[in-house]
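FYI, in UniProt numbering the residues of the sequence shown are 1 to 158.
Careful: at least some of the hints might be erroneous.
[As the list claims (entries may be wrong)] List of simulated lysine-lysine pairs, DSS-like, C-alpha gap at most 30 angstroms: (1) Lys38 x Lys65; (2) Lys37 x Lys65; (3) Lys50 x Lys65; (4) Lys20 x Lys37; (5) Lys37 x Lys50; (6) Lys38 x Lys50; (7) Lys65 x Lys20.
[Claimed, not checked] Each pair of labels, with its calculated beta carbon distance range: (8) Phe72 x Leu48: 14 to 24 angstroms; (9) Glu45 x Asp85: 38 to 48 angstroms; (10) Glu45 x Glu94: 29 to 39 angstroms; (11) Met19 x Lys65: 40 to 50 angstroms; (12) Phe72 x Val47: 18 to 28 angstroms; (13) Arg90 x Lys65: 12 to 22 angstroms; (14) Lys20 x Leu104: 18 to 28 angstroms.
If you're looking for bench data, these hints aren't it; they were derived computationally from the structure. Glycine included, each C-beta is placed from N, C-alpha and C at the ideal position.
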Amino acid sequence: NKNTETLVSDNIIEEQIQMKPRILCFHGFRTSGQILKKLVSRWPETVLQKLDLVFIDGQFPAQGKSDVEGIFDPPYYEWFQANEDFTEYRNFEECLTYVEDYMLENGPFDGVLGFSQGAFLAAALPGMQEQDHRQKIILNSRIGSDSEHPKRSMKIIF
Numbered sequence: 001n002k003n004t005e006t007l008v009s010d011n012i013i014e015e016q017i018q019m020k021p022r023i024l025c026f027h028g029f030r031t032s033g034q035i036l037k038k039l040v041s042r043w044p045e046t047v048l049q050k051l052d053l054v055f056i057d058g059q060f061p062a063q064g065k066s067d068v069e070g071i072f073d074p075p076y077y078e079w080f081q082a083n084e085d086f087t088e089y090r091n092f093e094e095c096l097t098y099v100e101d102y103m104l105e106n107g108p109f110d111g112v113l114g115f116s117q118g119a120f121l122a123a124a125l126p127g128m129q130e131q132d133h134r135q136k137i138i139l140n141s142r143i144g145s146d147s148e149h150p151k152r153s154m155k156i157i158f
């Protein structure tokens, strides 16, 4: 009946308005998700109340001194490693697998936010989606669509 269809339609629209964009947050080099969460908590409340921010730690424990030692407590993590002069990187594929597994288990996400090394990772994910890399199934938005995991453009915040 027409009234039932209108009620269902109104409920879907109301749910979509109340749903906050879910953003996966990648911390910087030799820091942590908890540290990034503390830094982001300084943003205006008017911004924070509109977002569902999810903070995770990099897979690899820091392999050297962190620039935030003495300011923020350990543990500290890295998303991937580099040589001393940062000209060669390793474990990037392992990093992508770790992030993909996390997103598949805990997603969907509407966007990503990254700081420092996390920004590098955040910028790489949509590019890999365009190149039909295996991460394509995790970069989906759930806002404003009828399907459970629709393919939409990814929001990126650096």
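Do the hints match the structure? See the list:
For the proposed pair Lys38 and Lys65, the alpha carbon gap of about 20 angstroms is at most 30 angstroms, so the pair holds. Between the alpha carbons of Lys37 and Lys65 the distance comes to roughly 21 angstroms, so the proposed pair stays at or under 30 angstroms and holds. With a C-alpha separation of about 35 angstroms, the suggested pair Lys50 and Lys65 falls outside the 30 angstroms cut-off, and the hint is violated. Distance check on the hinted pair: Lys20 and Lys37 sit about 17 angstroms apart at the alpha-carbon level, within 30 angstroms; holds.
With a C-alpha separation of about 15 angstroms, the suggested pairing of Lys37 with Lys50 holds against the 30 angstroms cut-off. For the hint linking Lys38 to Lys50, the alpha-carbon distance of about 17 angstroms falls within 30 angstroms, and the restraint holds. With a C-alpha separation of about 37 angstroms, the suggested pair Lys65 and Lys20 falls outside the 30 angstroms cut-off, and the hint is violated. One distance hint, 14 to 24 angstroms for the beta-carbon pair Phe72 and Leu48, holds here, with the actual separation near 20 angstroms.
Evaluation of the 38 to 48 angstroms hint for Glu45 and Asp85 yields a pass: the beta carbon distance comes to about 42 angstroms. Between Glu45 and Glu94 the beta carbon distance is about 37 angstroms. The supplied range of 29 to 39 angstroms therefore holds. Between Met19 and Lys65 the CB atoms are about 41 angstroms apart, so this pair conforms to the stated range of 40 to 50 angstroms. For Phe72 paired with Val47, a C-beta distance near 22 angstroms keeps the hint of 18 to 28 angstroms intact.
Against the hinted window of 12 to 22 angstroms, the Cβ-Cβ separation of Arg90 and Lys65 comes to about 19 angstroms, which satisfies the hint. For the hinted restraint 18 to 28 angstroms between Lys20 and Leu104, the CB-CB distance of approximately 21 angstroms keeps it satisfied.
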